[in-house]
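Trainee: Now for the letters of each chain:
Protein chains: 2
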Amino acid sequence: MDEKANLAEKLALLDAPYSPAIVGYLNDYKLQIVKVLGEFVWHTHNETDDFFLVLSGRLTIQLRDRDIVLGPGEVFVVPRGVEHCPKADEETHVLLIEPRETRNTGDVESELTVEPADL
Amino acid sequence: MDEKANLAEKLALLDAPYSPAIVGYLNDYKLQIVKVLGEFVWHTHNETDDFFLVLSGRLTIQLRDRDIVLGPGEVFVVPRGVEHCPKADEETHVLLIEPRETRNTGDVESELTVEPADL
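Going down the list, the protein sequences come from chains A and B. Residue numbers for the first sequence follow the working numbering, beginning at 4 and rising by one. Residue numbers for the second sequence follow the working numbering, beginning at 4 and rising by one.
Identical chains share a label here; the pair holds if one copy fits it or two copies do between them.
Only pairs whose alpha carbons sit at most 30 angstroms apart, straight line, appear in this in silico DSS-like list of lysine-lysine:
| hint | residue 1 | residue 2 |
| --- | --- | --- |
| 1 | 7 | 90 |
| 2 | 90 | 33 |
| 3 | 33 | 7 |
| 4 | 38 | 7 |
Calculated directly from the structure, the hints in this document are not laboratory data.
Pulled out of the complex, with its shape left as it was, chain A reads as follows (with noise of 0.2 angstroms):
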């Protein structure tokens, strides 16, 4: 990284939810920013932990057994292996952190399925 990244700024440049762009990146690591709002698709990565870190608003990550709320300041790692579908009723700002071959939708393809930008 020859720069450091603001995330607030990052995300002023995203528009549309669940378009993840990449700020960085952590040895073999994808540094991703993205906005959340409404309920994504339930999937899993059979193959990766999924990082998640709150940096404005509330998200809930499902699992098949309970929920995990998250608010700004709050970290969750989903164990790979577990399935998850995350969701948020007000726009959510996120950091994710995964390998970067982790397709976002994981195990599912879905019209959600996409390639994160390169900011």
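With chain A's structure known, arrange chain B on it following the hints.
Mentor: Structure of chain B alone, referenced to chain A:
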């Protein structure tokens, strides 16, 4: 991770600056919080990049050719092999992410070399 981590609440459990604590793991990476105050020690991680996210306060990451100054919500990744020395003039709270086996002082053995606590 079984439960979410509220980073501010976890930071309130820490006493001294430069005594990192682990709040969770992402695959083979540790998620660490640390209070920064004063100057750390110049060091290099030859085997890994080093992720810094400022949660509160103001962190200066000194590099040999320039300073990176981070406020809340700002991220910088020190590339592997790049000598650096963090410092802060006020108490600053940071999220650090690096491989589990990474030593806090990198290639340098120092009185600041510590194993992180496990919260």
